[in-house]
Every structure is written in C-alpha cells, then in structure tokens.
Amino acid sequence: MTEYQSADGPVTGYAPPRPSAVWISALRKVYGEGDAAVHALRGVDLDIPHGDYVAVMGASGSGKSTLMNIVGCLDVPSSGEYRLDGIAIADLDERQLSLVRNRKIGFVFQSFNLLARTTAFENVELPLVYGAVRGPQRRRRALAALHLVGLGDRVDHHPNQLSGGQQQRVAIARALVTAPSLVLADEPTGNLDTQSSSEVMSLFDRLNAAGRTIVLITHEEDIAAHAKRAVRLVDGLIVQDVRFAPVDGLPPRLATAGAGRPAAPSLALGPGA
Amino acid sequence: MRAREVFRFALRGLRANKLRSGLTTLGILIGVGAVILLIAVGQGSGAAVQARISSLGSNLLTVTRQAGGFGRAAATRTGTQSKVSNLTVADAQLLAASDQDPDVSVVAPVASTSATATFEGATTTINQIVGTYPAYLPISNDTVAAGSSFTDEDVNRHRKVVVIGQTVVTNLFGTIDPIGRTIQLGGVPYTVVGTLAAKGGGNTFNDPDNVALAPLTTVQDSLTGFGSLSEIAVQARDANSANAAQAEVTSLMLEAHHVTAASEDFSVTNEATLLSTAASTTQTFTVLLAAVAAISLLVGGIGVTNIMLVTVTERTREIGIRKALGAPRGAILGQFLIEAVLLSVVGGALGVVAGVAGSRFTVDGIKPVLVPSSILLAFGVSAVIGLVFGSLPANRAAKLHPIEALRHE
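Heads up: the sequence lines are chains A and B, in that order. So the first sequence is numbered by the UniProt record's numbering: it starts at 1 and just counts up by one. So the second sequence is numbered by the UniProt record's numbering: it starts at 1 and just counts up by one.
In isolation and in its complexed conformation, chain A is listed as follows (with noise of 0.2 Å):
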C-alpha cells in the first residue's frame, strides 16, 4: 500500500526517499449541488514533509477547517488527490479508513472531546484499544503519554477534575499515544486562557522538536508564530505560503529561546517519526 510518490531532493545515504506527511494536488470540496453549490475548497495543493510544524490560518469560511476534515480523513474530498504518509486516501474503504485514523492521525480538538466519567489514563488509552494493542504494553504507553504532557500525576482523574489546560493535555496525551504519522490540532488553544495557551503550545513545540509532524489550525497570529510554517487559506484557495524555520530545524520559538533543545531528548516517544 505505501508507495513513494516524491524523490525531489538529493537522496542521501541508502535509506530509501520517504513520502511526505501530507501531500495534497488539486483537492477541492463542493457542498451541495447546482445553484446552491457551495465551493469549500477550490483547488488546494500542498506538500507537508515529516517534521514540519505548520499552521494552517485563516477566517471562518476560508475552508481550513474542511481541509482540516478531509486531512484527518473523516471526510473525503469531491476531487483531487491526497496521500497520507504516501498511502492514497481515496483508495480506501470505510475499514482501512478507520484503521489510517487510528495510527496514522492524532487528533487535538478546540473543545478537547474527552470521554466524560472516564479517566485521563481510560482516555488516553483509547485508541489503543481500537488499535488493539494488549494488556501490559498498552498501560506502559498510555502512561508514558501521560508522563510526556506533565500529568503522571492525574491519571485517575476524570476530565471534570481537570482544568481546561490539563485536559486539552491529556487529549494531546491521547493524540501521540499511537506514535501518528501526523498530529492534527483544530484550534487547540480556542478554549484556553493565556496560561494555558502557551502551556500547551510549549509542548507542541517541544513536540516537533522531537521530529512529530504538527499541522495546526488556528487564526491567531501569534499561536502560528509557534510553526515553522504558516499557510494561509482565503476562499478555499492557498493565497500564502510562509516558511519560518527550516523542517529539519528547531521550531521558532525553541530556536529563539535559547541555544540547546531543552528538554526535547525527553520527549522521544514510542515507534514512529
């Protein structure tokens, strides 16, 4: 199923070219039919190689948040292409689509979507589960998620114990258990208050640091100074297409912060990029 789509750029060493995260040729969504057709997205490319931090912006019906959507693949688009870490979504049943979601995407939401009267550890371990990993080795990730964000300490609290941070942390916990190709944050920080919207935008950044691939969607001008990208969707197209850092670098706000990659070695988790 996986097949290597790009070998731009010089191959170096023996490892074979590896397929971008999200790579995505003429993609377009029209709502509706006729008349009342409404065009979300016109014509969208975009290629998002592993270990980049991209910030998808723009406003209320630019169409990023059904970009967002068909990159997740929980919808699919009405034409175009996309590849998902090389695998072509459109080829997939309802199945296989389940299974991509469940290794491939870490999902972060703006409203956290836990499980309510479940706790932070049931929570996290759930995709586990429906990725059918067993007993032992999916305790010991599910809590090494845990540990990643700072909440060790809150395992056995339900999400109604938790503050708004501590709860998108843990969902963030729940995003990375599965060590995805690509980690998908919808408006991460829109609940948040500012304490905790730099809380969680340090560990995104720690995160990418550690080499996960990040795409964020936000319209707040300094949550996508934390990419090291930035693109821009207007009326379903891409107007702007900014690259602040290099992939293979430190995330912008690291790399000014100081010298060093504090506390990124910690940060390695589990198989995976």
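Among the clues, some could well be false.
[As the list claims (entries may be wrong)] Now the in silico label distances, taken between C-beta atoms and shown as ranges:
| id | chain 1 | residue 1 | chain 2 | residue 2 | range |
| --- | --- | --- | --- | --- | --- |
| 1 | A | Q137 | B | N395 | 28 to 36 Å |
| 2 | A | A90 | B | A3 | 26 to 34 Å |
| 3 | A | D45 | B | V299 | 56 to 64 Å |
[Claimed, not checked] Just a sample of chain A residues kept apart from chain B, beta carbon distances all over 12 Å, derived:
| id | residue |
| --- | --- |
| 4 | A26 |
| 5 | G43 |
| 6 | D47 |
| 7 | D222 |
| 8 | R243 |
[Unchecked claim] Covered stretches of chain A (in silico footprint by chain B; criterion: 3 or more residues with CB under 8 Å from a CB of chain B, positions within the stretch not fixed):
| id | region |
| --- | --- |
| 9 | 49-55 |
| 10 | 89-98 |
| 11 | 106-113 |
| 12 | 118-131 |
Because the hints were derived from the structure by calculation, they are not lab data. As the structure is a prediction and not an experimental result, all values here were calculated from the model. C-beta: ideal position from N, C-alpha, C; glycine also.
Here the structure of chain A is known, so what remains is to put chain B in place on it, guided by the hints.
For chain B alone, coordinates are given in the frame of chain A:
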C-alpha cells in the same frame, strides 16, 4: 479492538445512567416474569384438573335425571310423555345385574342432599350427604381412614350410621376421636362409624372432604324422602372402557324407561370426558395468559429500542470522538448492541428469578407449576429481543458520520 474492551465500554455506558437502565430492565423483567408466572398458573390449574380426575376416578359415569323443562327432547314432548321419570333403585339394580353391560364393574344408587350437622354445640353444613351403597366408596375413590364403612346389612336395616370426610371431622370434632360418637344430621341422630381419607385439591366452595356417606335407605328415611335418586354412580372396568360403558348404560336405561334417544329422560355423563373438556379449557386459558404476557415482553422490548435510541442521540458526540480515534464501525455497533442485549438479558435473568419466586405462592387457589421450557423460552426471547430491538439504534450509531457526530452538541 477486543470484544472484552467493547463489553467494558458497553457496561460503562449502562452504568452512566443507572436509573434509566434500571427502568428499561424493569420492563423486560416484568415481561419475562409474567410469561413464566402466568404459564405456571395456567399449568397449575391444568394440574389441579388432572388431580381432580384422579381423585374422582377417571372411569366414573354418572346417570342423572334429565329435567323435563329444557332441552330439545323436552320441547318436542307432549301430553303424558312430559312426565319426568324417576331414577330408581330398580334402575340401579338393572344396571348391576344385566349382562348386556360387560364394561360396567360397579353400580351404586345415590340420593344426596346437604344438611346441617351438629355435635355437642358444634355446627357445620355438610355440602354433600350421600345416601348410597357401600359399593359407592371404590367408585368415588374414597377410602376409609379410621373405623369402618357402613355395610349392606346397614343399608338393609336402615341403620343410622355415617362415614364422614376430614373437613367434617375437623369442623365438628376438632381433636376428639369421632368414631362411635353420635351427630345430628338434619335433626336425626347418626352414629359415626368411620372417617374418610382426605382427598384435598378442592376449595371452599367445592371441598371433596366436606362429605358424609350413609346408607341409602337411612338417608331416604330421614333426609331426602323416597322420590327419585339424585344419580346412579357407575364405574367402568377401566378408563379405556368408559366410553363403551357409557353406551351400554344408555341403551339399558332407554329400554328400562321405554323411551327413545330423542325423548331421553336421563343423561349419562362420562366424568373423564367432562374433565378432558375442562383440561382443554385450561389449556386455552394458559395460551391466553401466555399471549398477554408475551405482549408485555414485547412492550418491554420496545422500551429497550426507545431508550437505546435516546442513548445514541445523547452520545452522538462520544460516538464521533470514538470514530475520530479510529474505532471501526463494528466496535461502535458492538458496543451499543451489547448495551441493548445486557439490558434485556439482565432484565430476563431477574424476570426468571421473579417468575420462579412468584410461582411459589398460591395464586387464587391455584398452585402454579413451573414449566422449565417456559423459563428457557422467556429468557431466550429476552436475549433475542435485545439483539433485534437493539440493532436499530446500534446501526444508527455505527452509521453516524464522524464530522457530524463531532459537531453534535
């Protein structure tokens, strides 16, 4: 994804709304309990009829007078023919002596009445005072528990002796030994010579033990007078020959009374036939009860569907989250299906307990008899109901589109 985990999610879903789950379970509980209990009651009343068949003797025939005032035959009679013939001791002797009724083994003439009995201030009403011959005892399946029966000699000599049933013993004597005591029957003193073994199986209005047996002659002397006999009790050789005996008795009686079948002035009742009719009536009764109970089980099943639909709507967002995290359709389907089946199976199990417990009590004089297959059936049906009635909401959950589910507030 493992079945055990999906089961755990389902259990958590049910626990999240205990009252609602409890009430839904109650619907199934009542349905299953009603099926088991009502079938047991129907079966119990059937068993009571069976018991009465054996206590009466299934080979018992009764010859009674056909009252002239009704029936097709009576309506066509004119003039002197409208006179209703009496049943006489001679008829009984004919039936006993004739060699044209090989299937008849024993015959006893019966004159019966009811009267008040007193003993030293204690008073009771005996429903059935039976004046007859000693041969009546085997016909009616009566056995003497203490003392002795009266004899043919007692009949011939018009002796005022009586054999009393257990209810009479209790009502008149309490703990005193009744043998040899004298009681007043309708103001006439009778000496108690024996008591009958209890038959049981009756109720207040039809107590087979509220009985007194005395010589026919004595009862006619002092209580009923010398008119017609109440009936002639006939015992066929065995249960299988009851129908043949009925035909033979009928033909002999027609001859003796000089009447044709059209103008019959008597009727021969086959006790076994009567009771098998009663048995089929209770069968119908059982089916009817079971049908009512089945409807309540169905209503319980609809309750499961209803509550699961509410649950799926309420938890749309949860379903969206699970799908976004990679839950395959089967896992969602399984989770909600297991929730529905758990509701109905737990309700079914509790219903079995309730039904079994309820059937230990006597319901309206009937001792319910549990039918094991009804327990299995009711429990099985409750599980199937969970599957069938749960599949609609579970399917709806599994088919939810993740984006719409996530947007759901």
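Verification of the hints:
Between Q137 (chain A) and N395 (chain B) the Cβ separation comes to about 33 Å, which falls inside the hinted range of 28 to 36 Å. In this structure the hint that A90 (chain A) and A3 (chain B) lie 26 to 34 Å apart at CB holds, the actual value being about 32 Å. Between D45 (chain A) and V299 (chain B), the C-beta spacing of about 59 Å keeps the proposed range 56 to 64 Å intact. With a least beta-carbon separation of about 22 Å from chain B, A26 (chain A) lies farther than 12 Å from that chain, consistent with its non-interface assignment.
Chain B leaves G43 (chain A) outside its interface by the beta-carbon criterion, the shortest separation being 21 Å against a cut-off of 12 Å. The Cβ of D47 (chain A) lies farther than 12 Å from every Cβ of chain B, with a closest approach of about 24 Å, so its non-interface assignment holds. With a minimum CB-CB distance of about 27 Å to chain B, D222 (chain A) clears the 12 Å threshold, and the non-interface call stands. No beta-carbon of chain B is positioned within 12 Å of the beta-carbon of R243 (chain A); the least distance is around 29 Å.
With 0 residues having a beta carbon nearer than 8 Å to a beta carbon of chain B, the region 49-55 of chain A misses the requirement of three or more and the stated coverage is violated. For the region 89-98 of chain A, the stated coverage by chain B is satisfied: 3 residues place a CB nearer than 8 Å to a CB of that chain, which reaches the threshold of 3. Check result for the region 106-113 of chain A against chain B: holds, 3 residues qualifying (beta carbon to beta carbon below 8 Å, three or more required). Here the region 118-131 of chain A counts 6 residues with a CB under 8 Å from a CB of chain B, which clears the bar of 3, and the coverage holds.
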